[in-house]
Structure formats: C-alpha cells, structure tokens
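Participant: The primary structure of each chain is shown beneath.
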Amino acid sequence: MDAIGRLFEEAPRFYTYWNLIFLGEAALNTLMVSFFGCLIGYLIGFIIATLRVALINPVGPLRWFLITYTEMVRRIPFLVLLLCVFFAFQLSGAEVTLFIIATTAVALRMSALAAENIRAGYDAINPRQWEAAISMNMTPISTLFRVILPQAWKIILPPSTIHTVSMIKETSLISQIGFLELTFAARMLNQRGFSALICYGTVLVLYFIISWSFARAGKAAEKKLVHAPRSPNAQNIETPRVVPQ
Amino acid sequence: MLMQLQYGQIVQYIPDFFAGALVALELSVLAFLIGVILGLVGAATITYGNMPARIAVRCYVSFFTNTPQLVQIFFLFFALPEFGILLSPYQAVLLGMTLNAAGYLTEIQRAGFQSIQRAEVEAAETLGFSRVQTVWYVIAPHIIRALYPALSNHYILMTLGTSMAAIFGVEELTGRALNANAISFRSFEIFSVTALIYIGLTIVASVILYALGRYFFRVKVKVF
Chain Z
37 MDAIGRLFEE APRFYTYWNL IFLGEAALNT LMVSFFGCLI GYLIGFIIAT
87 LRVALINPVG PLRWFLITYT EMVRRIPFLV LLLCVFFAFQ LSGAEVTLFI
137 IATTAVALRM SALAAENIRA GYDAINPRQW EAAISMNMTP ISTLFRVILP
187 QAWKIILPPS TIHTVSMIKE TSLISQIGFL ELTFAARMLN QRGFSALICY
237 GTVLVLYFII SWSFARAGKA AEKKLVHAPR SPNAQNIETP RVVPQ
Chain A
5 MLMQLQYGQI VQYIPDFFAG ALVALELSVL AFLIGVILGL VGAATITYGN
55 MPARIAVRCY VSFFTNTPQL VQIFFLFFAL PEFGILLSPY QAVLLGMTLN
105 AAGYLTEIQR AGFQSIQRAE VEAAETLGFS RVQTVWYVIA PHIIRALYPA
155 LSNHYILMTL GTSMAAIFGV EELTGRALNA NAISFRSFEI FSVTALIYIG
205 LTIVASVILY ALGRYFFRVK VKVF
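Heads up: the sequence lines are chains Z and A, in that order. If you read the first sequence in the numbering used here, its first letter stands for residue 37, the second for the next number, and so on. If you read the second sequence in the numbering used here, its first letter stands for residue 5, the second for the next number, and so on.
The set of hints was computed from the structure by calculation and includes no laboratory data. On a predicted model such as this, the values are computed, not experimentally measured, just so you know. Where hints are given, some of them may not hold.
Said to hold, decoys possible - Chain Z is nowhere near these chain A residues, computed Cβ spacing over 10 Å in every case:
(1) F36
(2) I59
(3) L74
(4) T166
(5) A170
(6) T178
(7) Y219
Stated by the list, open to error - Some, not all, of what chain A presents toward chain Z, calculated at C-beta under 8 Å:
(8) E30
(9) L34
(10) C63
(11) P72
(12) F82
(13) F117
(14) S119
(15) N183
(16) A186
(17) S188
(18) F189
(19) F195
(20) I203
(21) T206
(22) I207
Said to hold, decoys possible - Now the stretches of chain Z that chain A is said to cover, found in silico as 3 or more residues with beta-carbon under 8 Å:
(23) 55-65
(24) 123-137
(25) 173-182
In this text, a Cβ means the ideal position worked out from N, Cα and C, and glycines have one as well.
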C-alpha cells in the first residue's frame, strides 16, 4: 500500500499543465490515426467487398487476388503489419512522416476487416433482389445504392462498431515505431521519472473513455437506426387491421 | 535510392523462427485455457451470482475489454514491482494475456449460459438425471455447440496477440524476427517472412479447430 501513498504524493507533480497538454496531444494523435485509417480502410473494404460480390464471376484472377488479400491481412498481427509497412516505406526510399506510415497500416488492416464485414452484410441479402431490381430496368449501381445497401448496412453496423473499437485499441502498438500517441506518451513520462502506476494508469483511463464512449455511441446508433422502421412511409402502408366485432 | 530485396540471407533464420512460433503457440494455448476457466467462473457469477459479485465482474469485463492489451501488459510489467511483485517478461505477458482473455471469454460464455432454458433442466430432472448428469449430458453439449465458433475465433485473435510479447523481450516469433533484424538489417524481408509464418500458423490452427469442432461437437466453423 506504500505505492498508493506515493501515488497521491506524486499526483500534483504529474497533473501539471504541460503534462496534460502532452497527453492531450498524444490522445489527439491516437484519434487522428484511428479516424483517417478507419475512414480509408472502410472505403477500400467497401470496394473490395462490392467487387467480390457484385462482379459474381467474370474477373477470376481479380476475385482470387481480393480473397487472398483479405484472408492474408486478417491473419497478420498488427505489430508485424506495421513493421512491414514501416520498412517497405524505408525500402522504397519515399520520405514520409510517421503519421502517414501509421495511417497506412491502420487502413490496410481495417480494409481487410471491413471487407469481410461488408461482404457478410451483402450475403445476408437474398440474391433474388438483384434479379428483381435488374428486371425492373435498374442499373447495377442504382440497385446497389437503392436496394441492397439500405438493407445491408443495418447488418453491417453492429460488427463494424466492434471492429472499429478494437482497431482504436490496436493503435497502441504504433508506439513501437516512435509515433507520439497515448502509449508512447505514457512511456516517455515514465522515463522522465514518474511512477509507472500513475503514467500507465492515466493512459488506461483515457483509452477506456475513448473506447467506451465510442462503443456506447455505436450501440445508441444501432438502437436508433437498426430497429427503426425502414422508411418514413413504411408506417403508412401497414396492412389495415381487421378488428373482430 | 531503391534497395534490392535479398531473401537469400533470411533462410538461415527460418529454423529459429519456427522455434519462436512454438513459444507463441505455448503462450496462446496457456492463456486461452486459463482464460476459458476464469471466463466460466465470471459467466456463472454474472448469471447466478448475487448483486455485488455481479457488479464486480461487470466492471472487470468492461475495464479489460475497453483498454488495449499492450497497455495492460505495460501496466502489469512496470507497476507491479512498485507493490513488491517482480515478474519476468514471460510471466507478465502471460498474466496480461490471461486477464485480458478472461474479460472477453466471460462476455462470450455469458451468452451460452443465457441460452439455457429452464425447461431443458426440468426435462432432464423428470428423466431422473442427477445434477452431474444434467450438466454433462444436457447443458454442456448445448453450450459448447453454441459457443464453439466464437471461442475458436477468439483463439485465433489471441494467437495474433502473442506478437506483442516481443515488445517485452520474450523470444517468440516476432521477438526472434526483431533479433534477426538487429543482426542482419534485412528488415522488410524478415518481417514479410514473419508475416507469412503467422498466416501459416493461424491457417493450421483454424483447420485443426474446424476438425475438432466437426469430430467432437458436430459444429461447423468458418475456416476461411
């Protein structure tokens, strides 16, 4: 219990203006990397899943390439993927910031996870809906955006929230390439002489706030949108109920 | 300047990598098995326990599932010595992975406990089954069949999670890759080979889990 006592002694020295600014900047970096990485990842994942499902067969080699890509990237630990990206940039001789390297790694991993999610959403839709829409003379693109996606994204949303939250947590590994994010900030503060208990404890609480509030927001969105009626007009075309006299 | 890829120098490290893969396997299996037992206790507490115990388990679960595993291990590794508990890197990583897995596996197994219906237990009682027989013949097969896909999926995730042991100096697959990198400087080649070994490792694990599920529990798990 001695350590707890020292914790209270050290707290005023730790929670100073500059340390809080430092932690805030690190938290902002974590959020920025997660946001841009996930955004790009979801876009690539959407394209991959749509190509895999919509172009049912005609492009054999492309389809096999996409399947191999998603399966391989999902089976590589994020740390190894990050190091691969880091050294690939180094090998190519391109001079980029650590932020771009980190975002690329997050985007790669997220694209594989998102592709798998979105494909599962497409698979849940009856394939006859494509046929029906095509037979009503809709183009494939308008079928996708007007018929398939409005139904599929309700299935896609819940697992996407879980994967995004786990991706935010996995960004802690980016500290290994020396990018200033929350875990790296904790390590630096620890090396500056603050006890590990207060450094890592604070960062754990910050991570908890970020990921818990994100998961909560996802759940709220799910409740509001997934279980909502399909369209505002859907309430009006309910079958009239015959009340027995 | 564009450098050349040279995989020839990497070949000598590959036996070393496979030895590292064994350590990774050992870590993931140990953490998973202990985690399943802890998770079972947690899930039973949430379902049948009293109020304070339930709240404690829920707090544990939401803390461990909402914070990164890496920071948890850092916390254990650096903060426990302040309380006078010294852990070796291997022990710290194993403890961190187990505690983290226990959180997730509690959440997974809770779903299994909630899927049991009172009528099943009553039916078993009517047939004259003892308590143990009811659990062994009626409840356990039911729960296992419902949970097997989620559990095997989490095991694969834990296999990938072992890579962060390298950060603490444990000589598993990624750790050996970092060592080889420090000697040879063929960084990209080494880490791409490591990635391929991880892909092989998880594919083998998925196939084995699929076969076990088919043979023992008649469950079909998605392999690819």
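Participant: For every hint, state whether the structure bears it out.
Facilitator: Outcome of the hint check:
The Cβ of F36 of chain A sits about 16 Å from the closest Cβ of chain Z, beyond the 10 Å cut-off, so the non-interface label holds. No beta-carbon of chain Z comes within 10 Å of the beta-carbon of I59 of chain A; the shortest separation is about 16 Å. The beta carbon of L74 of chain A is not kept farther than 10 Å from every beta carbon of chain Z, the shortest such distance being approximately 4 Å. Not every CB of chain Z is more than 10 Å from the CB of T166 of chain A (nearest about 8 Å), against its label as outside the interface.
A170 of chain A, annotated as away from the interface, has a beta carbon of chain Z within 10 Å; the closest lies near 7 Å. With a least beta-carbon separation of about 6 Å from chain Z, T178 of chain A fails to lie farther than 10 Å from that chain, contradicting its non-interface assignment. Annotated as non-interface, Y219 of chain A keeps its C-beta farther than 10 Å from every C-beta of chain Z; the closest such distance is 24 Å. Because the closest C-beta pair between E30 of chain A and chain Z is about 16 Å apart, greater than 8 Å, the hint is violated.
Hint status for L34 of chain A relative to chain Z: violated, with the closest Cβ pair at about 18 Å, above 8 Å. Nearest Cβ of chain Z to the Cβ of C63 of chain A: about 11 Å, over the 8 Å cut. The hint is violated. Hint status for P72 of chain A relative to chain Z: holds, with the closest Cβ pair at about 4 Å, below 8 Å. Checking F82 of chain A against chain Z by beta carbon gives a least distance of about 3 Å; that is within 8 Å, so the hint holds.
Here the hint on F117 of chain A is broken, as its CB sits about 21 Å from the closest CB of chain Z, past 8 Å. Interface restraint check for S119 of chain A: the shortest CB-CB distance to chain Z comes to about 19 Å, outside 8 Å, so the restraint is violated. Taking 8 Å as the C-beta cut-off, the interface hint given for N183 of chain A is violated, the closest approach to chain Z being about 13 Å. Interface restraint check for A186 of chain A: the shortest CB-CB distance to chain Z comes to about 13 Å, outside 8 Å, so the restraint is violated.
Residue-level restraint check for S188 of chain A is violated (minimum Cβ-Cβ distance to chain Z is 12 Å; threshold 8 Å). Checking F189 of chain A against chain Z: minimum C-beta separation of about 10 Å lies over 8 Å; hint violated. Against a cut-off of 8 Å between C-beta atoms, the interface hint on F195 of chain A holds, since the closest Cβ of chain Z lies about 5 Å away. Against a cut-off of 8 Å between C-beta atoms, the interface hint on I203 of chain A holds, since the closest Cβ of chain Z lies about 5 Å away.
Checking T206 of chain A against chain Z by beta carbon gives a least distance of about 4 Å; that is within 8 Å, so the hint holds. Hint on I207 of chain A holds. Least Cβ distance to chain Z is approximately 7 Å, under the 8 Å limit. Given as covered by chain A, the region 55-65 of chain Z fails the check, having 0 residues with a CB less than 8 Å from a CB of that chain where 3 are the minimum. Beta-carbon proximity to chain A at under 8 Å applies to 6 residues in the region 123-137 of chain Z; the threshold of 3 is reached and the given coverage holds.
With 0 residues carrying a beta carbon less than 8 Å from a beta carbon of chain A, the region 173-182 of chain Z misses the three-residue requirement, and the given coverage is violated.
Taken one by one, the earlier hints fail for this structure at numbers 3, 4, 5, 6, 8, 9, 10, 13, 14, 15, 16, 17, 18, 23 and 25, listed in ascending order.
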